[in-house]
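Student: Listed below, chain by chain, are the residues.
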Amino acid sequence: MTATQELRTTPRGPGLRARARGSRLVIIAVALLVGLVVLLVASDRDADIVPLSTWNTRASGTHAVTEILRDHGVAVRQVDRLAQARIEDPAATTLVVAEPSRLSSAQLASLDAYPGDVVVLGRVRAVLPSLGMDVRQTTRLAGGAVDAGCADPDARAAGEVAFSGAALETSDPDVALCFVDAGAAAMARAEVHGRTVTVLTASEPLTNAQLDRYGHAALAVRVLGAHPDVVWYVADGLDSSLLTASGVGGDDAPTDVETVPDFLPPGTGSAFYALALAVLVAAFWKARRFGALIAEPLPVVVRASEATRGRARLYRRARSTGRSAASLRAAAALRMGRRIGVARGESREALVAAVAHASGRPARDVDRLLYGPAPADEAALLSLISELDALESEVHRP
Amino acid sequence: MHITGWTVALAALGAVPAALTQSRGVAVAWAVGVLALALLDVWLAPSTSTVGVRRDVPTSVRLTRSTVATVTLANLGRRRVRGAVRDAWQPSAGAGRTRHPFSLARGDSIVVRTDLAPTRRGDRHAGPVTIRTEGPLRLAGRQRSLDVPARLRVLPEFASRRHLPSRLRRLREIDGRTAVQLKGAGAEFDSLRDYVIGDDVRSIDWRGTARRGEVVVRTYRPERDRRVVVALDCARLSAARVGDGPRLDASIEASLLLAALASRAGDRVQATAFDRSEQARAASSGPAFMTELADALATVEASLLEPDWPALVRLIESRVSQRSLVVLLTTVETSALDSGLIEAVAALQHRHQVLVGSVEDPELGVMLTDRGDSEALYGAGAAARAMLEREAVATRLRQLGAEVVLALPDDLAPAVCDRYLALKAAGRL
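Chains as they are written, first to last, in full-length UniProt numbering: chain D, 1 to 398; chain X, 1 to 429.
Just chain X, same shape as in the assembly:
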């Protein structure tokens, strides 16, 4: 049961007779009378079980977008039901107004809408639906909560998709399909054609020229149908916060942009998120892949575990049989020496091309250039030390033949894609 503000107002009105009679007894009697009226109203109020409830929630929404969840209410009883309903959601679901008053005639139904603007990635769960019915006096009524499970999947924001058009343009340039007079750069032999003035003389195919009697040149195109494996490290170091979000969020952005670009370039992409075991996977081919990837990565959360790099190596070896581009989105740090990252990269580099992407902390850059006071000087020293250690690890990785991309959170996704395009242009996939 619950009481309304009218009950309070009525109780406060008791001050008038109490003042006129100058008696506390009258005040107490008035309050008791008001409460008795409220109890009577509760008894007269329609039961909450006369209200039928159905919840309709969209399956998914992208972070920073808003959506609408609805609750359908129907009066199953014989009387008019007046009251309110609360459509409860987790705080991070960003629900707007969750309390909706309603008044339903017999057999009537109504749909109430709750605006949702989620503030966090992942599954946002709804709480119970609480129904309040009011009695005829509007002083009090009944209240019950009903479990109606619902879930809204909040997909990663994919803010880096604004970088996609410029990267696709670059891809077309490499492809030779642009209007610009550029040689189709790439590693895969495409065809022979007649020499045109302006072509690079180095690309003249002398054997073909001898055979045909005319000068012919070879054209190349970028490799297609290569394999790209994106592996997101969602272990301990990915939980640390850089800028506004954890490192993992920057890794997710990078993997989404790379997957979008690589699938347009005709490569076959699969992705996995792991810490000590696989946490999420997306491996379908075709246009459904991006949806599957966003859905799979939506619920990935960083855990406070040490990553199991040998297990990842075994996982990747079991998934791909051909030479592939393995993109490890992790953190290059001095602890990588102990955790086995270097050994894993060495093992993968045997058969594949490895690209290690790592999120840099913008705060370290600030510390490095801060000259404010003596404390800042020591901070600059410590930041320089951290940078040197990271460079040392990156150098080790480069010596193994791996590509290393160190970038700030917002720059990681385009930087990884640029490196991918460079590898593709050079035919190293």
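Chain D on its own, in the form it takes in the complex:
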């Protein structure tokens, strides 16, 4: 290698790392900022406004009763999907299902097979027979404060409860109806398949708005706090997954069931996930530039005719036909005079006579065209210009 001395090389040592060390503070600051953003995004749940949800702090929510239960040592866990329940010990768990009328028949079947205690909140319509209770929702409406009116210790402890809306009725003697007002009950309780199913069709007593009235709080704590664990589920009609608990569908708790359209083979979602990651890698591949962009100093570009075009627009805006005509006449006279040899400074008569002679037109005609009155409008300007063009084409060197 003879030319080695002339060769240049990149400076030795770490490139990216050296630069990174120089700006360590910047990197730390960026990392902190990213962490903060992630924290804020993660912690910023949209305010829950679902009725009977334990996260809902509005009047329709059940946040207050959840807090009371937690104070009493009961762990309350709300799940978005029934499959996320994953109840390990049904004997020590109360499963709370709100809005049961939105459950599908398959979900009701999985609830029926569940061995632990169940509390049903809200309108029941015709779902209770599926849970083994011969209880119907009546069309009669009840209202006002009502006594327990039954032997159930929880109901008796609560004393008076106020409720309104749809109520329950039954013909089954095994079902205990409480808070009965004119034959319509607010609460039904029965032993089914060896577990207790409690139905509170009027859910208002448990809401944040009504919890402190009458014996509502006592009723809630006694009914919901019977076991150390509470799994809370608000049915929304969109979730189609089934209840997961040990004892349901055998001893093994089934895993989360994927809701993928069944016309795609299984694993498609995962494959697309992997491809999405590959797209991120491709973005990094393409984003890394092969050296810097080279700037081009660009010259100023102004068309030389800009000024004349601007003047034309001024003429047009002012409808200045006279000025345009005067310029065109003078220019035509200049060109014709040059062609037939009349100097620029010659008199009007001399030019008119020469042009008339060269074109064979009457002198009066030429005089009118070159020195006549200014045209009044655009139509007159147009005809003047075409006449000037015609005259100019007729002028030949004599």
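Bear in mind the hints are in silico, worked out from the structure with no lab data behind them. All of these numbers come straight from a predicted model, not from anything done at the bench. Careful, some of the hints might be misleading.
Claimed, not checked - Pair by pair, the computed Cβ-Cβ distance ranges are:
no., chain 1, residue 1, chain 2, residue 2, range
1, D, Gly310, X, Thr395, 21 to 29 Å
2, X, Gln399, D, Pro373, 31 to 39 Å
3, D, Leu33, X, Thr21, 49 to 57 Å
4, D, Ala380, X, Arg202, 56 to 64 Å
What the hints assert, rightly or not - Counterexamples of contact, computed for chain D against chain X with all Cβ distances above 12 Å:
no., residue
5, Ile27
6, Asp134
7, Ser164
8, Ala209
9, Lys286
10, Ser324
11, Ala326
12, Pro362
We put the CB at the ideal spot given by N, CA and C, even for glycine.
We have chain D already, so just place chain X on it with the hints.
Tutor: The following block gives chain X in isolation, referenced to the frame of chain D:
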């Protein structure tokens, strides 16, 4: 560092195990694994400092021609280096393929060529040379940029040189050196010779006839060794665009053709470009002048300043002591009344012959004859007005004794040369 397309392909391949196991965890693990492999490859890749770089660029090229810049790469390390190099250039340098892959064994070197077809006059600068080395897995590698300054001077196109042969023929006719039976027209007395039938009787030298007893005639030849000063105005008005390029480009063409013609005619030419001060100058004598002129004018750019005409007059007076032909390549416009062009021409015309060359805008000619709609009529009026104003200024200049050439961009160079030849034939230099 950088990654290659193989890394992306490998990452995409992760879709297969993810689909088979139906697990997103596998997909994430695969992607992380691929990135780890890529990082390992970066670590294993040879350092960019093992590649030595030298750039070789031709000093100048004429616009519309193409040339080749080369980069020499040498492997100074102990291992084989595989990778790519980017020979970056400004966009207007018109570089073709700038990325060149290479594979160098130990101690080996290679020359990569980048074709350059510049699209603009002036100095075109090269960007840094960027080196990428690949790791053994070809998944990723290292990348560094290295500043290797280089410059390619793009000379003016000189498209008007196609007019040169016809003008030289005319020059020879004036000179009397052609085969055509023409009297050597010119102003400078050359010699006496015997009268031949057909000679103009007006050129008979009666005193010589009386002395010799035979009829003799005087012959003339064009003046030689006259001074020609070409001054290019590169101020505000020269920046405006006419046709495809700024007015300045037409002025440069004209000065190149005139300089070529005048130096063949035996005159001494010097050129200057100025706005408020001198921007470029070419004043050497002999055959090197044309090269110097093209080189000097290559980098002249029009500035957005008002020209300082009195300063130009002082400059020219300080440069030439004899009577010369001063060619001002500028713009004849109504603003010349205020800028001092007329006073400058008057001052120069005292001792010299002034020729003012001005580029006309072809668009004004189009506007002048356009009769399309009412807007075009007003446009024609405005264009006629501009033409009258220009003619008025040109008339003022002619009254001062200066020659005025108004021509379209492509016609300016031959028109100026024709006027020069006419002045030479008339002996007015």
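Student: Output the numbers, in ascending order, of every earlier hint that fails for this structure.
Tutor: As far as the earlier hints go, 3, 9, 10 and 11 are violated by this structure, in ascending order.
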